[in-house]
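Novice: Chains as they are written, first to last, in this note's numbering: chain A, 1 to 217; chain P, 1 to 176; chain F, 1 to 392.
In case anyone wonders, no lab produced these hints; they're calculated from the structure. Be aware that a few hints might be false.
[Unchecked claim] With a Cα cut of at most 25 Å, we get these calculated BS3-like pairs of lysine-lysine:
hint: 1; chain 1: A; residue 1: 6; chain 2: F; residue 2: 220
hint: 2; chain 1: A; residue 1: 204; chain 2: P; residue 2: 146
hint: 3; chain 1: A; residue 1: 13; chain 2: F; residue 2: 220
hint: 4; chain 1: A; residue 1: 15; chain 2: F; residue 2: 31
hint: 5; chain 1: F; residue 1: 15; chain 2: F; residue 2: 60
hint: 6; chain 1: A; residue 1: 13; chain 2: F; residue 2: 31
hint: 7; chain 1: F; residue 1: 28; chain 2: A; residue 2: 6
hint: 8; chain 1: A; residue 1: 185; chain 2: A; residue 2: 195
hint: 9; chain 1: A; residue 1: 15; chain 2: F; residue 2: 15
hint: 10; chain 1: A; residue 1: 13; chain 2: F; residue 2: 206
hint: 11; chain 1: F; residue 1: 28; chain 2: A; residue 2: 15
hint: 12; chain 1: F; residue 1: 206; chain 2: F; residue 2: 219
hint: 13; chain 1: A; residue 1: 6; chain 2: A; residue 2: 204
hint: 14; chain 1: F; residue 1: 219; chain 2: A; residue 2: 6
hint: 15; chain 1: F; residue 1: 220; chain 2: F; residue 2: 206
hint: 16; chain 1: F; residue 1: 14; chain 2: F; residue 2: 28
hint: 17; chain 1: A; residue 1: 200; chain 2: A; residue 2: 6
hint: 18; chain 1: F; residue 1: 15; chain 2: A; residue 2: 13
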Amino acid sequence: MEQELKPELQIRKVKGPDGVEFEVEPLRDYYCEALPTVQHGAYIQIVEDFFNWARSHSLWILGFGTGCGAIEMRPLMTPRFDAYRYGIQWRPTPRQANLLVISGYLSVKTLKRAIRAYEQMQSPKYVVGLGSCTINGGMYWDSYNTIKRLDDYMPVDLYIVGCMPRPEALLAGFEDLKKLIRAGKAEGANQYAEKFDWYKSNQKRVIHDWDMPDYSW
Amino acid sequence: MRALHIRLQHLFPLGELTEQRPDLGFVTVPAAYLRPTLLHLRDREGYTHLVLLTAVDWLEEDLFQLTYLLSNRSTGCDIGLRVKFPRQAAHMESIHDLWPTAATYQRELREMFGIDFPGSPRLHEEFILEGWNDIPPYRRDFDTLKYARANYNDRPGRETHDPEQHMKQQLYPDGA
Amino acid sequence: MALYTPDRSQYPAKKADGTLDIDLASGKYLKLWQGPNHPGITGNMSVELTVCGDEVVEGKTHVGYLHRGFEKLMERRSFIQCFPIVCRICVPEPDFNEYCYAAAVEDLSGIQSPERANWMRALILEMGRINSYLMYLGGQAGALGLGVIGQWTTYARDLMLDRFEEMTGARIYHMFILPGGVRDGLPDGFDQRMEETLREIESTMKDVHDVMFHNAVFKKRTVGQGVIDPAWLDQYGVTGPNARAAGVAKDVRRDQPYLVYRELEFEPVIGHDSDIYTRSDVRRRDLLMSVDLIRQILAKMPRSGPLIADMPSMLHWKIPRGETYVRGECSRGEYGYYLVTDGSGFPRRVNVRGPSYTHAMALLERMIVNINISDVAALMVSLHTYPPEIER
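Let's have the full structure, built from the sequences with the hints guiding it.
Specialist: What follows is the structure, given as structure tokens:
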């Protein structure tokens, strides 16, 4: 299944504004080519508990509306439901976020972007699957273009059921996630590093034109 | 609607008019006469708005049907032109020069049905799907359930019921 | 009306086949992806921009991130099984899918929905329109940095969602308009609570008008920006507020009245300058018109009578061979369903004609050329596109 790369992804010579020519390889990760590693907890349990407590109080959500569930995120940002009072806020870039909310079904095309966004987030990071279509396909159980189980492709810490879940359910879900984090049970990022090959093989099975590095920091 | 059909029949070898509503009719056009009919409707009869362009797959008859739906705002009438042609090596004349927006529809039909529109801009770029490796998915012989079963893992424990059987068991357990 | 004619002299030449001759290796151009994970994009879609300096020379819309294959899924569901999934095609205004699907099925099977159900349908469609416009106004202001408008309009939308909730039991996906009629009547005391909500929305809209439409920055960045030439309307299939802001009173509610719109008094809202500012203003005034329409509907609708027609057995419901097209005027423009049946218990083909299909693809690609990168978000939002109805 070798496909020819799109023109902007091919290795090419580029002339900068200062007249110097240099070669650009768009698919190469210039910053780090290392695969993810398991991050061990602190040496003393009480320090790790303290870290987890601190982590649980700053859930920064990546503002990536992958599906229809994203529409209930907007009321959460406004005074009526006001998720900010729980230390939850939305960030525009994966570099600043530590919680990826998969808001509903993922089509194969979005899955590719969601994986990239997830890998670009800094550890410790968490994934919440929102809506029944992330759990078993939901309404789209027989669709040819949506994945059925999100946890085949990325480590999910928590699912919030419903189609679609109400804002109150989201708030309750985030509170549950905080409990998991405080108990040290939200180890999705480490799980991803441990079973990296398994996740990658699953991802490559459905994403047919794989034109990105295996792991993007 | 009927008067329009009679006027058109003087000019083009059209099929019978199916009058679905007083303001909506469908008529079959031979593929060779599609373009003049569209031009005539657009420039002489005031059907200037291309509402949609879509395809229907008549697998049993081995035909593709393209429907060009045009609308005339001043009379509030719509006419749908049906064009039928064989499914093998399906291709049709592009109308992107009559309505620039038709290029989008033709890109979708190319991807979802595999109907070729030679000359339409950006026709071979991926539109909706990415890395698709099966037959075009909107064709009738594509089985979406089979594809989903083969490619995605189901979570165990999911139960599905045939609605008819399920309701019989739930509502009429004694077989009434 | 002063049309903006871009100066293309310093931009790439056209090749013989009409595409631009863009040489990425020259270092003059840069590819920039706006979306899908980007705050300045309407939902989950993306625009591939080729920029020269900070001006866009070419834009290509990429959709398909939300494709679920509805048209295929509906071919293997019976007519009543299609009803709960159609609303999922368009998230912020799902009721139009339910209405258009129900109307198409009724048209082909010869079922007449009762008078009272038609009033209920018109009521719920107008409520959905208000919701959609409120979201739009928040997004349009947000695209230009006026975050507070989004807070206010989301608050007003939440009030309307409460009315939806007491009427249908759900906030977003109502599944209320089913083939043959509607599911239920109005709850007790609904009129009074609705009136309170409408007053609250009107007062919010007054604030929005003062803060957004008189804001110097908003005016500076939107007046004269993103003009749709009225000659493009037919070429690009522009409908709805985008067409009305260009001075053409294209409104399905007036041109081909459906449901009960013959009995309501209204005039399509039109604007004349066809820029982003006018489009926002047309939508704001259309929202206030919907408020008025809801009042008229509540005053005139019958309070008793059947809500659903006599229906055949849902399990053995077969519709004879035929095809039809039904349309309605949703908040973005003409929403339509093309339904083909073949005499079996399943639809042969369903095609959803969402207004965004033409607005976000061909029209946006034409309009995006020669504008500044920072105005791309405002332009996209001003066309009021919802990606799920493009790719279904």
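Novice: For every hint, state whether the structure bears it out.
Specialist: These are the hints, each one checked on the structure:
{"no.": "1", "hint": "A:6 - F:220", "verdict": "violated, 39 Å"}
{"no.": "2", "hint": "A:204 - P:146", "verdict": "holds, 19 Å"}
{"no.": "3", "hint": "A:13 - F:220", "verdict": "violated, 41 Å"}
{"no.": "4", "hint": "A:15 - F:31", "verdict": "holds, 15 Å"}
{"no.": "5", "hint": "F:15 - F:60", "verdict": "holds, 17 Å"}
{"no.": "6", "hint": "A:13 - F:31", "verdict": "holds, 15 Å"}
{"no.": "7", "hint": "F:28 - A:6", "verdict": "holds, 19 Å"}
{"no.": "8", "hint": "A:185 - A:195", "verdict": "holds, 17 Å"}
{"no.": "9", "hint": "A:15 - F:15", "verdict": "holds, 23 Å"}
{"no.": "10", "hint": "A:13 - F:206", "verdict": "violated, 56 Å"}
{"no.": "11", "hint": "F:28 - A:15", "verdict": "holds, 9 Å"}
{"no.": "12", "hint": "F:206 - F:219", "verdict": "holds, 17 Å"}
{"no.": "13", "hint": "A:6 - A:204", "verdict": "holds, 19 Å"}
{"no.": "14", "hint": "F:219 - A:6", "verdict": "violated, 40 Å"}
{"no.": "15", "hint": "F:220 - F:206", "verdict": "holds, 21 Å"}
{"no.": "16", "hint": "F:14 - F:28", "verdict": "holds, 16 Å"}
{"no.": "17", "hint": "A:200 - A:6", "verdict": "holds, 22 Å"}
{"no.": "18", "hint": "F:15 - A:13", "verdict": "holds, 23 Å"}
Hints 1, 3, 10, 14 from the list above are not met by this structure, while the remaining hints are.
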